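S.K.: Here the protein sequences come in this chain order: C and F.
First residue of the first sequence? That's 1 in my numbering, and the numbers climb one at a time after it.
First residue of the second sequence? That's 204 in my numbering, and the numbers climb one at a time after it.
Hints in this document: simulated from the structure, not taken from any laboratory.
Fair warning: this is a prediction, and the values are worked out from it, not measured in the lab.
A hint or two may mislead.
As the list claims (entries may be wrong) - In silico PhoX-like links for lysine-lysine, alpha-carbon gap of 25 Å or less: (1) F:Lys412 to F:Lys336; (2) C:Lys118 to C:Lys52; (3) C:Lys191 to F:Lys207; (4) F:Lys412 to F:Lys245; (5) C:Lys20 to C:Lys191; (6) F:Lys412 to F:Lys436; (7) F:Lys207 to F:Lys240; (8) F:Lys261 to F:Lys222; (9) F:Lys240 to C:Lys20; (10) C:Lys118 to F:Lys207; (11) C:Lys89 to C:Lys52; (12) C:Lys20 to F:Lys245; (13) C:Lys20 to C:Lys38; (14) F:Lys245 to C:Lys191; (15) F:Lys207 to F:Lys412; (16) F:Lys222 to F:Lys436; (17) F:Lys222 to F:Lys240; (18) C:Lys191 to F:Lys336.
Said to hold, decoys possible - Here are some chain C residues pointing at chain F (derived, C-beta under 8 Å): (19) Met18; (20) Lys118; (21) Met122; (22) Trp124; (23) Arg143; (24) Tyr145; (25) Glu187; (26) Lys188; (27) Lys191; (28) Ala195.
Ideal Cβ positions, reconstructed from N, Cα and C, are used throughout, including at glycine.
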Amino acid sequence: MIAIVDYDMGNVASVANMLKRIGAPVPVLTRDPEVLRKASKIILPGVGSFDKGMRNLTEFGLRPALEEAAQERRVPVLGICLGMQLLTKSSEEGAEPGLGWIDATTMRFRFPPQSGLKIPHMGWNHVTAPRPNPLIRGDERSRFYFVHGYYVECSRPEDVIGTARYGFDFTCAVNRENIYGVQFHPEKSHKFGMALLEGFVGI
Amino acid sequence: MALKRIMPCLLFDGRALVKTVRFRNPQYIGDPINAIKIYNEKEVDELVLLDITASREKRPPHFDRIRDCASECFMPFTYGGGVQSIDQFARLYRLGVEKVVVNTLCLTSPGTVREATHHYGASSVVGAVDYRKTFLSGQQVYSASGGRTRMGLVEHCRYLADDLGVGEILLYSVDRDGTWTGYDVETIRTVGEAVAVPLIACGGAGNVKHLRQVLEETPANAAALGSMAVYQKQGMGVLINFPQRRLILDED
Chain C
1 MIAIVDYDMG
11 NVASVANMLK
21 RIGAPVPVLT
31 RDPEVLRKAS
41 KIILPGVGSF
51 DKGMRNLTEF
61 GLRPALEEAA
71 QERRVPVLGI
81 CLGMQLLTKS
91 SEEGAEPGLG
101 WIDATTMRFR
111 FPPQSGLKIP
121 HMGWNHVTAP
131 RPNPLIRGDE
141 RSRFYFVHGY
151 YVECSRPEDV
161 IGTARYGFDF
171 TCAVNRENIY
181 GVQFHPEKSH
191 KFGMALLEGF
201 VGI
Chain F
204 MALKRIMPCL
214 LFDGRALVKT
224 VRFRNPQYIG
234 DPINAIKIYN
244 EKEVDELVLL
254 DITASREKRP
264 PHFDRIRDCA
274 SECFMPFTYG
284 GGVQSIDQFA
294 RLYRLGVEKV
304 VVNTLCLTSP
314 GTVREATHHY
324 GASSVVGAVD
334 YRKTFLSGQQ
344 VYSASGGRTR
354 MGLVEHCRYL
364 ADDLGVGEIL
374 LYSVDRDGTW
384 TGYDVETIRT
394 VGEAVAVPLI
404 ACGGAGNVKH
414 LRQVLEETPA
424 NAAALGSMAV
434 YQKQGMGVLI
444 NFPQRRLILD
454 ED
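Build the full structure now, drawing on both the sequences and the hints.
M.R.: What follows is the structure in structure tokens.
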């Protein structure tokens, strides 16, 4: 069973709808730790601030069940947008420590005013894959929809499975063992997002 | 890098989707959820839904309907209509709306728009400008639902971007709305060259050539289409449809 963590960080219904659309087993939107303990895959979506996201996971009592699933049972976990940032050790956006499952930190975009680059980075952008992986195909020019003011910087280059260009080439998708994260919104990126979720479902 | 976008601009009257001609005579189109499901299949770049009666009737957005639409959208969802307070912006973003469109509010309460762009970021707020040609003074800002401005069209668009901080402008020609006669390329070019923020051109799309023209020959970053996306052809029945991106843009 695929569990989508619903921890009050935005409307996550479109993720569930897209999974249904691609014919995946019906996912469960949940904030019940017992459901997470039984999940065979977990999706951690989310929009909003880093600290609020971490606090909500703690307040809803989801941390132990998530840790157990990710670290002991080693089920595939996919963080989306803020969900990806929560996989890192910390963020420049907040003071709370992150989940730390990916050896990375979340950084603020900083561009000089004359660059003309606005923050947040918002809109469709091309994504390239530095190595073959189940989520992003390297053989086509995939487009995905982004909305974010912070990005993930990995300590280990081999954890990077997707980059996009916004002022510079930043990491927009990560993977270490069973842990996956994408900065963009597959659930708002129609066929490209469906292909990505199919890849995750197929792991 | 900003990729060019092509998007349906759907009009909602508080109950169902409708389509107007020159902002008048709304004709029933159908249920928004059914339409969105079809646009998902058509892989549209974004979807704009405008509640055209909310401000006029001084009622708030239909939050429940908007949440249902956002849940069905497999593409970014942009909503406008009846937004009056900063709390309503917050609520819409929580429901899964990516961008909120403001039009009347820019005229009646510009401070609220400024607060919203400051709080949620310029790219989460779209300033919509309806305009039409007047006999004496050329292209003028048209206010359908109250409020007015003394500024000319270009000046008003600049004010939205520079003073109110909107991240994008939806430029909607009243005269071309529902006419299938092509975009008002001249005005779109003039405004596009004058403002620093991305421009969504709206009003008049009737065929693929019109779309290609506005995206190639003007600074517009996005083309929105109404009638073409909801009718089979001009003067014919309702058919939710959408042109293929590759027929409009030369990409790899």
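S.K.: Next, verify each hint and record whether it holds.
M.R.: Going down the list of hints, with the structure as the test:
no. : hint                 : result
1   : F:Lys412 to F:Lys336 : holds, 24 Å
2   : C:Lys118 to C:Lys52  : holds, 24 Å
3   : C:Lys191 to F:Lys207 : holds, 17 Å
4   : F:Lys412 to F:Lys245 : holds, 19 Å
5   : C:Lys20 to C:Lys191  : holds, 14 Å
6   : F:Lys412 to F:Lys436 : holds, 15 Å
7   : F:Lys207 to F:Lys240 : holds, 22 Å
8   : F:Lys261 to F:Lys222 : holds, 21 Å
9   : F:Lys240 to C:Lys20  : holds, 13 Å
10  : C:Lys118 to F:Lys207 : holds, 17 Å
11  : C:Lys89 to C:Lys52   : holds, 15 Å
12  : C:Lys20 to F:Lys245  : holds, 18 Å
13  : C:Lys20 to C:Lys38   : holds, 20 Å
14  : F:Lys245 to C:Lys191 : holds, 9 Å
15  : F:Lys207 to F:Lys412 : holds, 15 Å
16  : F:Lys222 to F:Lys436 : holds, 13 Å
17  : F:Lys222 to F:Lys240 : holds, 18 Å
18  : C:Lys191 to F:Lys336 : violated, 40 Å
19  : Met18                : holds, 6 Å
20  : Lys118               : holds, 6 Å
21  : Met122               : holds, 4 Å
22  : Trp124               : holds, 5 Å
23  : Arg143               : holds, 7 Å
24  : Tyr145               : holds, 5 Å
25  : Glu187               : holds, 7 Å
26  : Lys188               : holds, 5 Å
27  : Lys191               : holds, 5 Å
28  : Ala195               : violated, 12 Å
Checked against the numbered hints above, the structure breaks hints 18 and 28 and satisfies the rest.
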